[in-house]
Amino acid sequence: MQKRFAGIDIGSRTIELVVVDESGKIVTSLQADTGFDPMTAAKALIHDVPYDRIMATGYGRNLFEISFDTQTVTEIKAHAIGARAFFPDVLALLDIGGQDSKAISLFESGKVKKFEMNDRCAAGTGKFLEIMAKTLGFDIESFGREALLAEKELSISSMCTVFAESEVTSLIAKGKNRREIARGLHTSVIKRAAGMINRVSSDGDIVFTGGVAKNPCMRHFLAETLGRTVLAPEDPQLVGAFGAALLARDIRDIM
Amino acid sequence: MSEDYREMWQSLGLDLAGHDALLGVLGGAYQDIFLSQKNRPAGMAYFDFVMSEVHGLRIRELLDEKKAGRKIIGSYCVFVPEEIVLAANATLVGLCSGADFAMSEVEKLLPRNTCALIKSSFGFKLGKVCPYLESADMIVGENTCDGKKKAYESLGHLVDNLYVMDLPQVKSDHGRALLKSEYLRFKTEVENLTGVAITPESLREAIQTVNKKRAAIHRLSALRKADPAPISGLDALLANQVFFYDNPARFTDSVNKICDELETRVAEKNGVFPAKAPRILISGCPMAVPNWKLPFVIETSGAVIVGEESCVGERGTRNLTAESGNSVSEMMDAIVDRYYQVDCAIFTPNPDRLNHIREMAAAYHADGVIHYGLQFCQPYLMESIPVEKALEEKNIPTLRIETDYSMEDMGQLKTRIEAFVEQLR
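Residue numbers (this note's numbering), protein chains in the order written: chain B, 1 to 255; chain S, 1 to 425.
Just so you know, the hints here were simulated from the structure itself, not pulled from any lab data.
Heads up, some of the hints might be wrong.
Calculated lysine-lysine pairs in the DSS-like style (CA-CA distance at most 30 Å, straight line) [claimed, not checked]:
no., chain 1, residue 1, chain 2, residue 2
1, S, K414, B, K114
2, B, K214, B, K134
3, S, K389, B, K113
4, S, K394, B, K111
5, S, K414, B, K111
6, S, K128, S, K150
7, S, K276, B, K114
8, S, K394, B, K113
9, B, K191, B, K111
10, B, K114, S, K389
11, S, K212, S, K171
12, S, K394, B, K114
13, B, K174, B, K191
14, B, K191, S, K414
15, B, K111, S, K225
16, S, K180, S, K213
17, B, K114, B, K43
18, B, K111, S, K276
19, B, K114, S, K225
20, S, K414, B, K127
21, S, K269, S, K38
22, S, K276, S, K394
23, S, K389, B, K191
24, S, K212, S, K257
25, S, K257, S, K276
26, B, K113, S, K276
27, S, K128, S, K66
28, S, K225, B, K113
29, B, K152, B, K134
30, S, K414, B, K214
31, S, K108, S, K225
32, S, K389, B, K111
33, B, K43, S, K225
34, S, K257, B, K113
35, B, K191, B, K113
36, S, K108, S, K171
Here chain B stands alone, though its shape is the one from the complex (with noise of 0.2 Å):
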C-alpha cells in the first residue's frame, strides 16, 4: 500500500486540506471554512481522511501543532513548493490571502530568496475585497467578474479597509456605477501588490497563489499593471496544503 501525506493549511478565512501519494499526486483535496473555532473546523477536516504524516502550515498552524504533535511550515516556504510543483521553473509568487498578502522570489533551486509581507491590517487582502463587494451589493464569486465588465475605472484614495468603505458608500451616494467602483478598488489592491512584487522580482512570470487568484479581474489587471505574465493553478487556494503535504512526504527523519 502506498503511503499518504497531508498537507493542512488554516488560514483566516478558509481551512484547505491536500492528501498527496508517494509520486505526489493530489489523491484527496478538502475545503472547509475556518469559523471561530479553527480546531474544531480542522479536526472534523481530517476525520475521516487516511495519512501516515501530516504537516500544518497557515497562520493556526501553531495551534494544530499543539493539539496533533505535529510538524509545521510557515506559509511563505509552503506556498514556494507547492507553486513550483505546478510550475517548475518559476521564480516569483504572489500569494493574497484573507489576511494577508506575501511576495515571494525564489532561487532557481526552488529556495526561498526573499519575501514581503503586509504588517498588521488587511489592506491588500481578501478581506478587503469580500467587504468592499459586500457594500457594493456583490457576491465575492463574481465580484472580478463584474469589476471586469466595468467600462471605465473610479479612482479610490484609501487603501484602508475602513476608509475606503465610506469613500465607496459616498461614491454610491453620488450614484455612480458599481462597477467602475469596483474596478476602482481592484486597481488600488493591484498596485499595492505590484509594488510588493518588484520589491523581491524584478522580471520573469508569477505565479499567483490564495483565495484572491482566483479573482479574474485580479489576475488580469495584475498581468497589465505588471507587463509580466500571471499564471495561476487550477485552484490557487489549494498550493499552501500542497505544498506542506509535498514537505511532509519528503521529511524523512522524524518518525
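For this one, chain B is given, so just place chain S on it according to the hints.
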C-alpha cells in the same frame, strides 16, 4: 521581590498599585521567556537574581549610596560617559524605557506616532513606576534623534533635574569639537552636583572600571562565535541590559564568571541550541529592559542570536577608552575619542555602522541579519533599506522588521521570522 520594599517605593513617590501591576507582568514575562529556556549556564542565576531585585535590592543599594553622600545620575543613552560620572563619585544608571505604560497619559503629551522607546520613558515617569528615575539626582537627556530632543522639552516640565547634552550629527572636526565641549560642560555639571573635583587618579580609575566592564562583555561576545552557541541570545542580551543597572565591579565579576563556564561549554561542544542551528545577527534599535519580544520570537523559531549590533550590545560596548593619559585633559580627550566612534544612526553619513554590521556578520558566523527598527524611529528605519541592500549584495540574507512594544503583531512577526529561519536552513 519581598514586601519590605513597599515603604521604600512609597518614599520614592511610586504609585504602588501601578508598580505592583508592572512587576506582576514583568515577573510573568521573565518566567515565560528566560526561566523556561533549557540548559542555561549556571552563572545566569546571578542575572536572574538581579532581575528579580531590579526594583528592590538594587534600589536599596542606590539609596544607601545616596545616604552616604553619593549622587545618582540617570541616562537614556550610551553617549553619556560613565567614566565622568564615576570619577566625580556618582553612579550612572540606565532609565526604564522598554515597555508600554500609562499610554493614555503619554499620548496627552506626545504624538501617537512617536517611537515606543520615547513613549515608554514618559510612561514610566507619568505612571510613577520607575524607582531609578525617582532616585536620580540628575537626569541626562541627550540630543540624538529629533523625537528624543523634542521630547526632552516636554520631559523638562515633568522633572526638575533634567540636564540636556547636545550631540553632533556629523563626524567632522566641528562635530568632535562639539562633543568635547559638551563633555567638558557635563564634567563641570557633575562636579557641581557632587561637590567632588575630578582628579587624574579618579578619572583613571573610572576609565579602568568601565573598560573592565566592557572587556568582560567582549569576552562574552567572543564566546558566542562558537557553534553550537554556548549561551542563548536572550541571556546574552540580558547581560547587556544589566550592564546599565548593576554595580560595575560586581557586574564585571559576574560576566567573567559566566565566561569561565562558557569556555568549558565551548570546549565540550555543549550548546544551548544544536550545532548548525541558524545563526542570526540582530542589528538596529536598542532593546531596553523588558523589551525581549523579538529575540524571544527568533529563539523560539529554532534560530540562535549570536550578536547584537545595538546600543544595548556591541555598538555601545565595543570601544575601550585609552588608559594612557596622564592629565585630566588628556584623559578627557581619550573619552571624547572613544565616544566619538559610536556609530549611532543620528550621524550623517554613517558608513561605519554598515561596515560594523558586515564585520559582525562575518566574525560571529551569522547566517542572516535581522534589522530591528522601532516603528517611527526615523534614523534606524531610514538606514535599514541601504543596510538590507548592501548586505544582500554580499549574499547575506536580511530581514527588515519594524515593530513596537505591543503584542498585536505577534502572529505576523512569528510567521515572518519562522519563514526567514526556514530560508537560512
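These are the hints, each one checked on the structure:
1. In summary, the hint linking K414/S to K114/B is supported, as the alpha carbons are separated by about 16 Å, within the 30 Å threshold.
2. Simply put, K214/B and K134/B have alpha-carbon atoms about 17 Å apart, close enough for the 30 Å limit, and the pair holds.
3. About 13 Å separates the Cα atoms of K389/S and K113/B, which keeps this hinted pair within 30 Å; it holds.
4. Restraint check: the Cα-Cα separation between K394/S and K111/B comes to about 18 Å, which is no more than 30 Å; the hinted pair holds.
5. Taking the CA atoms of K414/S and K111/B, the gap is about 19 Å. The hint holds against a cut of 30 Å.
6. Simply put, K128/S and K150/S have alpha-carbon atoms about 21 Å apart, close enough for the 30 Å limit, and the pair holds.
7. Annotation: proposed proximity of K276/S to K114/B holds, straight-line Cα distance about 21 Å (limit 30 Å).
8. Proposed proximity of K394/S and K113/B is supported: the alpha carbons are some 14 Å apart, at most 30 Å.
9. Distance hint between K191/B and K111/B is fulfilled; the C-alpha atoms sit about 26 Å from each other, no more than 30 Å.
10. Pair hint K114/B plus K389/S holds up; C-alpha atoms about 12 Å apart against a cutoff of 30 Å.
11. For the given pair, K212/S sits about 27 Å from K171/S by alpha-carbon distance, which is consistent with the 30 Å threshold.
12. A C-alpha spacing of about 14 Å is found between K394/S and K114/B, which places the hinted pair at or below 30 Å, so the restraint holds.
13. For the hint pairing K174/B with K191/B, the CA-to-CA distance comes to about 25 Å; that is within 30 Å, so the pair holds.
14. Between K191/B and K414/S the alpha-carbon distance is near 26 Å, which keeps this suggested pair within the 30 Å criterion.
15. Straight-line distance between C-alpha atoms of K111/B and K225/S comes to about 27 Å, which keeps the hinted pair within the 30 Å bound.
16. Proposed proximity of K180/S and K213/S is supported: the alpha carbons are some 23 Å apart, at most 30 Å.
17. This hinted pair does not check out: K114/B and K43/B have alpha carbons roughly 33 Å apart, beyond 30 Å.
18. Our distance criterion of 30 Å between C-alpha atoms is met by K111/B and K276/S, whose separation comes to about 18 Å.
19. With a C-alpha separation of about 26 Å, the suggested pairing of K114/B with K225/S holds against the 30 Å cut-off.
20. Distance restraint check for K414/S and K127/B: the Cα-Cα separation of roughly 21 Å lies within the 30 Å cut-off, and the hinted pair is therefore satisfied.
21. For the proposed pair K269/S and K38/S, the alpha carbon gap of about 16 Å is at most 30 Å, so the pair holds.
22. Of the supplied pair hints, the one linking K276/S and K394/S holds, its CA atoms being roughly 21 Å apart against a limit of 30 Å.
23. For the suggested pair K389/S and K191/B, the alpha carbons sit about 23 Å apart, so the restraint of at most 30 Å is met.
24. Distance restraint check for K212/S and K257/S: the Cα-Cα separation of roughly 13 Å lies within the 30 Å cut-off, and the hinted pair is therefore satisfied.
25. For a cut-off of 30 Å, the pair hint linking K257/S to K276/S stands: about 26 Å separates their Cα positions.
26. Distance check on the hinted pair: K113/B and K276/S sit about 20 Å apart at the alpha-carbon level, within 30 Å; holds.
27. This hinted pair checks out: K128/S and K66/S have alpha carbons roughly 20 Å apart, not beyond 30 Å.
28. At roughly 25 Å between alpha-carbon atoms, K225/S and K113/B fall within 30 Å of each other, so this suggested pair holds.
29. As the CA atoms of K152/B and K134/B are separated by approximately 21 Å, the hinted pair is consistent with the 30 Å bound.
30. A C-alpha spacing of about 27 Å is found between K414/S and K214/B, which places the hinted pair at or below 30 Å, so the restraint holds.
31. Straight-line distance between C-alpha atoms of K108/S and K225/S comes to about 46 Å, which puts the hinted pair past the 30 Å bound.
32. With a CA separation close to 20 Å, the supplied pair K389/S and K111/B stays within the 30 Å bound.
33. At most 30 Å may separate the alpha-carbon atoms for a hinted pair to count; K43/B and K225/S exceed this at roughly 44 Å.
34. Pair hint K257/S plus K113/B does not hold up; C-alpha atoms about 41 Å apart against a cutoff of 30 Å.
35. As the CA atoms of K191/B and K113/B are separated by approximately 23 Å, the hinted pair is consistent with the 30 Å bound.
36. Only pairs whose Cα atoms come within 30 Å are accepted, and K108/S paired with K171/S is rejected, the gap being roughly 36 Å.
The earlier numbered hints that this structure contradicts are 17, 31, 33, 34 and 36.
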